[in-house]
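> Going down the list, the sequences are from chains G and E.
With this note's numbering applied, the first sequence covers 154 to 265.
With this note's numbering applied, the second sequence covers 5 to 118.
Calculated from the structure, these hints are not laboratory results.
Just so you know, even glycine gets a beta-carbon here, dropped at the ideal spot from N, CA and C.
Hints may be right or wrong, so weigh each one.
Unchecked claim - If you anchor each label on the Cβ, the simulated ranges turn out as follows: (1) Ser-13(E) - Ser-237(G): 46 to 56 angstroms; (2) Thr-170(G) - Ala-76(E): 15 to 25 angstroms; (3) Thr-61(E) - Ile-264(G): 40 to 50 angstroms; (4) Thr-257(G) - Lys-24(E): 38 to 48 angstroms.
What the hints assert, rightly or not - Computed cross-link-like contacts, DSS-like style, restricted to lysine-lysine with a CA-CA straight-line distance of at most 30 angstroms: (5) Lys-195(G) - Lys-24(E); (6) Lys-211(G) - Lys-221(G); (7) Lys-45(E) - Lys-202(G); (8) Lys-195(G) - Lys-211(G); (9) Lys-45(E) - Lys-221(G); (10) Lys-70(E) - Lys-211(G); (11) Lys-248(G) - Lys-45(E); (12) Lys-211(G) - Lys-59(E); (13) Lys-18(E) - Lys-59(E).
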Amino acid sequence: AQSVTQLDSHVSVSEGTPVLLRCNYSSSYSPSLFWYVQHPNKGLQLLLKYTSAATLVKGINGFEAEFKKSETSFHLTKPSAHMSDAAEYFCVVSKRGNQFYFGTGTSLTVIP
Amino acid sequence: GAVVSQHPSWVICKSGTSVKIECRSLDFQATTMFWYRQFPKQSLMLMATSNEGSKATYEQGVEKDKFLINHASLTLSTLTVTSAHPEDSSFYICSAGLEWETQYFGPGTRLLVL
């Protein structure tokens, strides 16, 4: 079975400081992992994806994530938070290539 | 990138009526689309897999007679909430894939059942 656990339901950071959103996964086989962002009342936007290529994945808007098999983690990071980064972030694991299972989400607040 | 649209974006209906939500892939063909449901401040829950030309596959606990899915063409899937009740009020989101393991999500449809 596939699942993801987002360890923090809410994260607050000051503008200009680093962002860390944590995600752990469980999968019966080599997983594909994704991070999506959802701004209020908006649809989901793909930030980045890991599909068994490079373990350090770079995404849009300065975000990146590192796949660590030994730790079953896929944490999302950004060196410097921007006000526009405030949103809900979802870690996702895929099954059969296109069935997605979402984590519970992490709400990111950026303090000016 | 690929674009997925949904219509309507907002719908309010009376209890007992049926509501149809459309999901379209605008610039690509999708043999498979997915329907999700999201309650306020909660995550997305996969409801069903919509397969073009065949029956949808429903996740455990999702009533197939309540949530009718039709995938009549390679660019259109519809979700019909039949005999809607207030507890069906939610945010419904569809997705479609352009390439392997990349899903593009629609903007969502907010349903309010009075």
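> All hints, please: hold or fail.
Taking the hints in turn, this is what the structure says about them:
no., hint, result
1, Ser-13(E) - Ser-237(G): 46 to 56 angstroms, "22 angstroms, violated"
2, Thr-170(G) - Ala-76(E): 15 to 25 angstroms, "50 angstroms, violated"
3, Thr-61(E) - Ile-264(G): 40 to 50 angstroms, "44 angstroms, holds"
4, Thr-257(G) - Lys-24(E): 38 to 48 angstroms, "30 angstroms, violated"
5, Lys-195(G) - Lys-24(E), "20 angstroms, holds"
6, Lys-211(G) - Lys-221(G), "15 angstroms, holds"
7, Lys-45(E) - Lys-202(G), "24 angstroms, holds"
8, Lys-195(G) - Lys-211(G), "23 angstroms, holds"
9, Lys-45(E) - Lys-221(G), "29 angstroms, holds"
10, Lys-70(E) - Lys-211(G), "41 angstroms, violated"
11, Lys-248(G) - Lys-45(E), "24 angstroms, holds"
12, Lys-211(G) - Lys-59(E), "38 angstroms, violated"
13, Lys-18(E) - Lys-59(E), "28 angstroms, holds"
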